[in-house]
Amino acid sequence: MDFFSQISPFLLSGLLLGSIYGLSATGLSLIFGVLKVANIAHGAFIMLGAYVAYFALTMWGVVPFVSAILALALGGALGYLVYVAVVKPLGLKNELNILVALFALFLLMAEAARILWGPDFVGYTWTIGSFSLGGLIIEYTKLAGALLALAIVISLEVFLRKTYAGRAIRAVVQDSVGAQVVGINVDRVYALAAAVGIGITTLAGVFITLFIPVGINPYMGGPYTLMGFVIAVLGGLGSIMGAYLAGLVFGLITSVGYFAFSELGFAEPSQMALFIAFLMLLLILLFKPTGLLRI
Amino acid sequence: MKPWLPLVTYLSLAAVAFFMPEYSKTIATIVFFMALGQAVNIFVGLTGYVDFGYVAFMAMGAYGLGVVLYYMPQLGFAALPLGLALGVLMSILLAAVVGGVALRLRGAYFAIATIGVNEGVKHLIIGANIWGGGAGLILGSRAFEAFGRDTALWLANVGSAVLVIATGFMAVVAMYLIQVSKAGYALAAIRQDEDAAKVMGINPTKYKLLAFMTSASLAGLLGAAYYPLGNLQVFPENVFFIEYILDGLAVMFIGGAGTVTGPIVGGALYIIVRTVVGELLPGYQVFVTALVLMTTVILLPRGIVGTLRLHLPPKLREWLP
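Protein sequence lines, in the order shown, are assigned to chains A and B. Start counting the first sequence at 1; every next residue gets the next number (the working numbering). Start counting the second sequence at 1001; every next residue gets the next number (the working numbering).
Check each hint, because a few of them may be wrong.
Non-contacting residues of chain B with respect to chain A, defined by C-beta distances greater than 10 Å in every case (computed) [stated by the list, open to error]:
1. 1002
2. 1072
3. 1077
4. 1135
5. 1150
6. 1205
Quick partial rundown of chain B residues pointing at chain A, CB under 10 Å, derived from the structure [what the hints assert, rightly or not]:
7. 1106
8. 1120
9. 1242
10. 1291
11. 1320
In case anyone wonders, no lab produced these hints; they're calculated from the structure. We treat Cβ as the ideally placed atom computed from N, Cα and C, and that holds for glycine.
Modelling step: build the complete structure from the supplied sequences, incorporating the hints.
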């Protein structure tokens, strides 16, 4: 019982944060599924979303759940631009050049943020209270963020299953040549997937700030790129629900890992959590590259 | 293929650095980018794969020499070859582990697998507090103890420059040897169509791993020359700084991926751009580098030498490998 009451806050916070992680990885997974492009610039859009949340609240008093819509629109527009300006001219076959260009984009955005907004860590405080559940203190903002993230992932899944555009996206995921043969404008599907994927990534950046109140920084994106890929690969690249569930799993693993390392006391727990993430990525890619949900 | 042009370039730079020590720091800075481009080129240019965790190899080289100097300064001059050997060995080992696992994967999957390598190793060193942990290794007094004050300063100045140039020289030799051997043909086949190469009896993982480990050992030497030898310190935040792979890719792509002379041309141009930007817009160097890399990759994917080679008559092309 003592052990349980000790670990349960970590489990819960792992699940709440995992929900946001899952949301952020769905964008990555969607883009990989459709374009077969690994969005190395992923973390930069998380960073952008975090700054949107910060400026919206501190300058206009707009709360994160509202500025998330702004982030979605901004990210969507940028995603479309990335497709038109980077991916399309290079051609999807030119994998090396696309990866390098996206990597350059990541650093370009981080540097632009540093030049525009300064290199320091910034943050905001926004609380609407908390409630206690069996001795655990849960902030409403975090709970609402986690639930909204789930709602967004479900709506994305519904969009992919029920609408024409969503079905076109799924058709291209399965077989892009076949999709073209039956009259789907594959080029537009690519652009749409890039816009939706990066839009959702930027939106997830807003939600992440609910959990890291003072961790907003131009170079914060690096670890999120790594974590995003760990989760997306764990869930099976291309699978939306898989990415979300893997996000929950990943949140639990890092949270329990943090707990274990702080109990053992031989290492700095947050640093080791990232090392575990990296090890997981290598092991999954080696043994189960199709992800958890596929056999 | 005649490798004389790049070899003579490096040799003359080495002569200047050795006989005019007042210029050796400048030359070391210039050649550092050329040699980095050469080392990156041996893997990225020859295989068409990209490793975003590449700086981890430089870090391993830096830590190899750093650890030997820090913990065993009583070895005297033997610490230098021993430290360099340890650094190169650790780079090769890391390449063998990462490559052995990840080079089985294709293109994008390999790139994904490497994203975390530098962050992962860095967080292991800081988190588990090994080799000085987050505080790093400060080597000034240890180097004085091992080599004597004057020699240590000479090594930091001229020695590191010569080592950087020697690394560039060795990279050209390695590139030449790979390209004229069976491995070069195998890698060319793999780059064009990995499945077809496999069917023809080529083991892709083996040749990719060969290029990867060669490239990693050179990166390790560069890391050792730059941080513990040149700057007498090894800080994890510096040696794992992701910017260096950006530099390496920029130099390689400006010059021409897969060409031998490309990184020399690219490095020379790159250092000019960096210096000008540093003078006019201090603090914008990385921003401009990222912008230059992105535009080069999109608009001039073959790079300068690669494009030039297309238009040269075959006789001259031989001389511009």
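Hint check results:
1. 1002: Holds, because the least Cβ-Cβ distance between residue 1002(B) and chain A comes to about 27 Å, which exceeds 10 Å.
2. 1072: Non-interface label on residue 1072(B) holds, nearest chain A Cβ at 25 Å vs cutoff 10 Å.
3. 1077: holds (36 Å)
4. 1135: holds (12 Å)
5. 1150: holds (39 Å)
6. 1205: Check passes; 13 Å lies beyond 10 Å.
7. 1106: Holds. Min distance 9 Å.
8. 1120: Holds - the Cβ of residue 1120(B) comes within 10 Å of chain A, reaching about 3 Å at its closest.
9. 1242: With a minimum Cβ separation of about 7 Å from chain A (threshold 10 Å), the hint on residue 1242(B) holds.
10. 1291: For residue 1291(B), the interface hint holds, since the closest Cβ of chain A sits about 6 Å away, which is under 10 Å.
11. 1320: violated (22 Å)
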